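Enquirer: Residue numbers (the working numbering), protein chains in the order written: chain L, 49 to 185; chain D, 89 to 419; chain F, 8 to 185; chain B, 2 to 825.
If you are wondering where the hints come from, they were derived from the structure by calculation, not from laboratory data. Given the structure is predicted, the values throughout are model-derived calculations rather than measurements. Possibly wrong hints are sitting among the right ones.
[Said to hold, decoys possible] Taking CB as the label site, the calculated pair distances span:
hint, chain 1, residue 1, chain 2, residue 2, range
1, L, 135, D, 371, 44 to 52 Å
2, L, 169, F, 41, 27 to 35 Å
3, B, 603, F, 152, 24 to 32 Å
4, D, 416, B, 684, 50 to 58 Å
5, D, 284, L, 138, 22 to 30 Å
6, D, 371, B, 391, 51 to 59 Å
7, B, 684, L, 169, 29 to 37 Å
8, F, 87, B, 391, 53 to 61 Å
9, L, 135, F, 32, 51 to 59 Å
10, B, 225, F, 16, 54 to 62 Å
11, D, 166, L, 135, 35 to 43 Å
12, F, 90, B, 612, 53 to 61 Å
13, L, 175, B, 17, 56 to 64 Å
14, D, 219, L, 138, 44 to 52 Å
All C-beta atoms in this analysis are idealised placements derived from N, C-alpha and C, irrespective of residue type, glycine included.
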Amino acid sequence: MQPVAAGVMSPFHAGVFSLVVFTILVMLFIASQLFLAAWLGEKKKSPEKSRPYECGIIPTGSARFRYPVPFYLVAIFFLIFDVEGAFIITWAVVYRKVGLPGYEQMSFFIVLLLAGLFYIWKQGGLDWRETGKRADS
Amino acid sequence: MLLWIAGFIILLIKLTIVLGVVLFLAGYLVWVERKFLARLQIRYGPNRAGPFGLLQPIADIVKMITKEDTVPDGADRTFFLIAPAVVALTALLMFSVVPFGKDITLLGQKVPLVVTDLNIGLLFVFAMSSLSVYGVALGGWASNSKYGLLGGIRGAAQMISYELSLGLSLVPIVMMAHSFSMVDIVQAQQRYPFILFQPVAFLIFVVSAMAESKRIPFDLPEAENELVAGYHTEYSGMRFGLFFLGEYVHIMVFGGILAVLFLGGWRGPFLPPVVWLLIKIFLVALFMIWVRGTLPRLRYDQLMTLGWKVLIPLALINILVTGAIGLIFGG
Amino acid sequence: MESVWEAVKELLSGLGTVFIHLFRKPITEQYPEYKRPLPERARGRIILTCDPDGGERCVACRLCSAVCPVNCISMEGAERPDGRRYAPWFRINFARCILCGFCEEACPTSAIQLTTDYEFSKTDILSFVYEKEDLLVNHQGKDKEYNFYRYSGVTTNYGDKGEHVGESKPVDIKSNMP
Amino acid sequence: MERDRQASRFLSIADRVINWSRKYSLWPMFFGLSCCFVEEAATFTSRYDMARFGAEVMRPSPRQADLLIVSGTVFKKIAPVVLRLYEQMPEPKWVISMGSCANSGGMFDVYSVVQGVDQIIPVDVYVPGCPPRPEALLEGLVILQEKIMSTEKPSRKVFHLGGGTQGTDRPVLEIGATKSRDPRGPGYEGIPIRGTSILPGGLHWGNRSDLMWTPPARRIELSEADLALAAEMRERFGDKARLEPHSSDMLTFEVDRGSVKDVLRFLKNESKPKYKRLDDLTAIDESARRNRIWNKGLAEASSDAGAVESFSRRQPGRYPDFTVVYQLLSFDTAGRVRIKSGLEAEGGAGLPASVTDIWPSANWYEREVFDMFGIRFEGHPNLRRILMPEWWEGHPLRKDYPGRATEMAPYTLEDARKRQPMDAMEVAALDHKVPPGEREFFLNIGPHHVSTHGLLRCIAALDGETIKSLDLEIGYHHRATEKLGERQSWHQYIPYTDRNDYLAGSSLEFSYVTAVETLADIHIPERAQAVRVLLAELYRLSNHLVWMATFAHDVGAMTPNFYTFAEREMILDIIELITGGRLHAEFLRIGGLAADLPEGWKEAVDNLTAIFPRRLLEYEKLLRENPIFLARTKGIGRISLEEAMDWGVSGPNLRACGLAWDLRKKLPYSGYENYDFEVPTETAGDCYARYLVRVEEMRQSIRIIEQVVRNMPSGRHVTEDYRYAIPERREMLKDIETLIHHFVNVTRGMKIPVGEAYGATEVPRGEHGYYVVSDGLGSAYRMRVRGPGFANIQTLPIMATGESIADLISIIGSMDVILPDIDR
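Can you build the whole structure from these sequences, using the hints too?
Expert: In structure tokens, the structure reads:
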């Protein structure tokens, strides 16, 4: 028999089609679980039950507050480094092909990246803990 | 066309089996964890529900499904609903690129023993694990609970920090296998598993992956001693169950990927490939449980420091060294 | 570098310490099937014992009730035709009782005693009120020999005045008259 | 018809499947109130292993829990929280009431305690005991499992078909209707309970038996140094500070209200020796003193009011309305001094001045005095209630305040809904004057939280995860133990002392009996002294093992818990062999012990001392040098020695700052001077230093235990002075003279002579002392408990401000706090 053409829709090929089917299966499973969770079981509503938990105390204020700056810094660093990471990864696949010249360029890039990392490190960009007032006392 | 339908049925059966087995194993991983931890702690663990407590996961699942499902006031209902689904979905999808054996032949067609052999398999894993951050962060945020929010934020910060070292630690593997495809990576380890060539990458990967799966000593987003239950504080019933399931599937995926990347995947003597893969996954899981039973938990800033100041530079240097050595000896 | 090595070594030694416990026998006592014998002094459910001759030891002196820090013991005292005191009813509220053992210590006849039994959980709070028939047992408990009436100076079946253990003959006060 | 039958068959199968699943998947909430929780926690550890029943998945959040084990005393202040947590659990849910307190109020028939949790939430199973041993809790669990299996029909509810039963179906009990208000059980309402709680014994016109039974209190000889200090005081303050002629325990001055502050400042900064620490600050309501009532009687009888006034002023033993008592401690040469200052309720010259500017720790003490007595302090920055909730009416330690909960209106479900704890922002605003508009991110950590080690409420104002300010709300565990001391006879109070620190057991009895024996000048046989030391050290080990477990757990290591509890069980077995109790020994008696050592005690203890040091090394491997543990503890939660002394910190927490202050060495009692041991210290004052000190203390305790065993003296276990002691049982059973003493001491209670004394021992957490004031009756006139925790925990905000949430948790863990000795 002829193998079915290795098209996108081929069920014998472990390709995107298979992934799509798998995704649908998984989603069905999860949806069924969520549906069962929502449907089954006695529902008894009460004002206390739907109050957010906070150690048994009525919460003060909203739970949607602004988070301090260091957190956003991490997010930005992540973005930067993730993009740079993408370059390294693409290079990794073909690193044999591009050989020494490629390696040289990439090392330059990585060293630059490291330098950048050390720079933000020295600038205190990676110090998430405010030095506690008692740390040096 | 007929063949296509037959193939489709085979595919469906295969995928259902895969999904079933993964879910079953994840369920029983909970049992394994409870039993193994118990033995490390000189006790027995569950032993009443069925022989050796073997029916324990079933009891837990039925209980969770029939439990009331609560949504707190002020919660964002949509996000609250989909957050656990995101976690479970991404974890399960990640498993789709893990090959569990050589191709077999059915109806004269090759049936590959992998759900999907993407040529960007590894990147797919990264993508999925990045996506699962949304489950944690959204779940924590949408609950309208302060503990939930703190947990969600911790989760997000932690995952984006370790995503980098996770990705960079695998660059040397890609360099050695010349491919992102998991199937190819297994191929490349025909003679020796990569752990022998890349111990540093292995270490970085193990640490980062444990951080990604939020296990002790990196379980900050749900640290019960600090944040009650962290991002899933407000989740009850099966929605909490899906977080739970996601966590254990994650462990299995982690085991599977670790096996594929460093331990030669399904390769091994005497036993069938699937068994080898399962053994490797099982051992990795045991290791994680063992670590959980031993270590204390890091603090938020220490965790970040470890990621940014240790693992990332180390991973970058490892790439440079691997590249150099590869060029000198590989030719 | 050295500190890194130290750290790794300590992590490994921790892992090792946990690991060796895998090979120790679990110390779990499988409760419903195995019940560890408790030392005699362990304090559990309270009983009313009887003396070696089978009579009730309790003489309704109320010392237990008086010393009880939580007031959970109550009774009534009465006298039987043979002159012995007894409690027509006797009640302990185990919902309050803290099993401190003060009653046992207070009892001058070794009647009230604590057993080592701890298994009496209930689904109904009112069933913790134990009446005399629930408390009374047909043995001597920890104090095997003691019989109050052998020492007390009352005319009883055990003998007349002056015939009890360690008791001297009664003095005829009239003979002392000048 | 057929369909119906099929449907019902399906439903009954579904019932069985669901019930079976639920039976084996009862996840308890991580929730505990007091002593019982320690036994509940033990139930989870290796020896009892609740995991076997599938019930080990302790959920810290009520959303994921199926089972609420109400373990311990339900306080009126915490009841709204208990109710909320119960209501936040999703259906179906079950409740086990564990221990006498949760069942009915137990031994705490007192104003701050709800008389049974079933008054606010429904209960499935009641487990008796105080606390019930772990097996008893397991029995309760098994009964609950059976109840689920045999009586519940959940599937109709699960499939929304109407009908069916699941979870707790019992009603909340109504007091008076379905539940008795009387501790003796139903049917007693209206019959008076022995021991009224308002006044001690009514009017006593001098009692002939007073002198016959009770010789005067002990008198101490003042030392040279004390006399020198007294002379200097006289020189400085003249008539304003008067030395009390007789004292049973320490140098005591009576100081005029206006001069108290000067005197205290002098004693702290200038005197020789310097009294650096404010040990305690409390008050006494003198209004019910016997001879005061007597004087009042005279005054009313006389028509010439002015004459009576001058007469009663000169009358010796005339008491003011209140006395404020300050007790100071000197570290240089170990010693204490007591300052008393009278106070009239009406017409006096102003309020007493606050001493918060001399000792910052006075802040809480003065708030407590205000809360309990209604005495205001001039210049206090934030004088408001501390132990009782804000809505509380009256001041409980006043003599005219009814003490019994059963004398007050019952606490009902409506109360639990209405009487909410104060809002976090409000507390912060009161404590450090945050403008109310400021929307800081306030987070309640506690009262129900895994790592607060009880019902402690920390209110953190957060910036990200950094704590900008921290306020503490205590009083959620206020068991009114001081009021109880005024009601229970001297003997009956012993069980209550155990509960003042449920991890240290008879160490607390030790402090209490030391105080009473000091006052009454009772001499203890050597054997009894040695056994007391043995028990105290065993409990120290047991306490430190629990501390090690919880501290490790707080920083995320779960396994040390299981290991240390194994050895703790060994220790508890020994304690049970000797005393019959596990947590609460109730074994020490005024004048000695309840019984002699039983057979086999020596072998058991030898077995322990042989194994223990090796095991300790093993556990240390998990923590001491572990890099993560080091990172979490080193340099965290630092406090300097200067601050620690100023705030009244005691115990290992003080020694971790570098001062070798241990009562066992500095002011030895019960023969501690005969044992060879060291007082471990560290200088860093951080979490890690506290860890090192405690671990080393365990080694020293083993040393002491070995010496005690080697040199156990023979002889009696209880004093021959039967005026004050429950006589030896052997003698009592056969000897009428002894029996008479027995009768009197058991019923009326021993009469302790008029006077006052402070007795303290070094308990695992620091200096725990009892200040007993006697009016010559069968129970204390005033029972003051000086808990080390009250002083120690006050320093938490200093240590934790500027650190992160995770650090706060490890600081609390390293401090070894326990709530009953904070809230008492």
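Enquirer: Hint by hint, say whether it matches the structure.
Expert: Results for each hint:
1. 135(L) with 371(D): 44 to 52 Å: violated, 35 Å
2. 169(L) with 41(F): 27 to 35 Å: Violated: the Cβ-Cβ distance is about 59 Å, outside 27 to 35 Å.
3. 603(B) with 152(F): 24 to 32 Å: holds, 26 Å
4. 416(D) with 684(B): 50 to 58 Å: Distance hint for residue 416(D), residue 684(B) holds at roughly 54 Å.
5. 284(D) with 138(L): 22 to 30 Å: holds, 26 Å
6. 371(D) with 391(B): 51 to 59 Å: For residue 371(D) and residue 391(B) the Cβ distance comes to about 58 Å; the hint holds.
7. 684(B) with 169(L): 29 to 37 Å: Between residue 684(B) and residue 169(L), where Cβ atoms are some 32 Å apart, the hint holds.
8. 87(F) with 391(B): 53 to 61 Å: holds, 58 Å
9. 135(L) with 32(F): 51 to 59 Å: Cβ of residue 135(L) to Cβ of residue 32(F): about 57 Å, so the range 51 to 59 Å holds.
10. 225(B) with 16(F): 54 to 62 Å: holds, 57 Å
11. 166(D) with 135(L): 35 to 43 Å: Check passed, 37 Å falls within 35 to 43 Å.
12. 90(F) with 612(B): 53 to 61 Å: For residue 612(B) against residue 90(F), whose Cβ atoms are near 57 Å apart, the range 53 to 61 Å holds.
13. 175(L) with 17(B): 56 to 64 Å: holds, 59 Å
14. 219(D) with 138(L): 44 to 52 Å: violated, 21 Å
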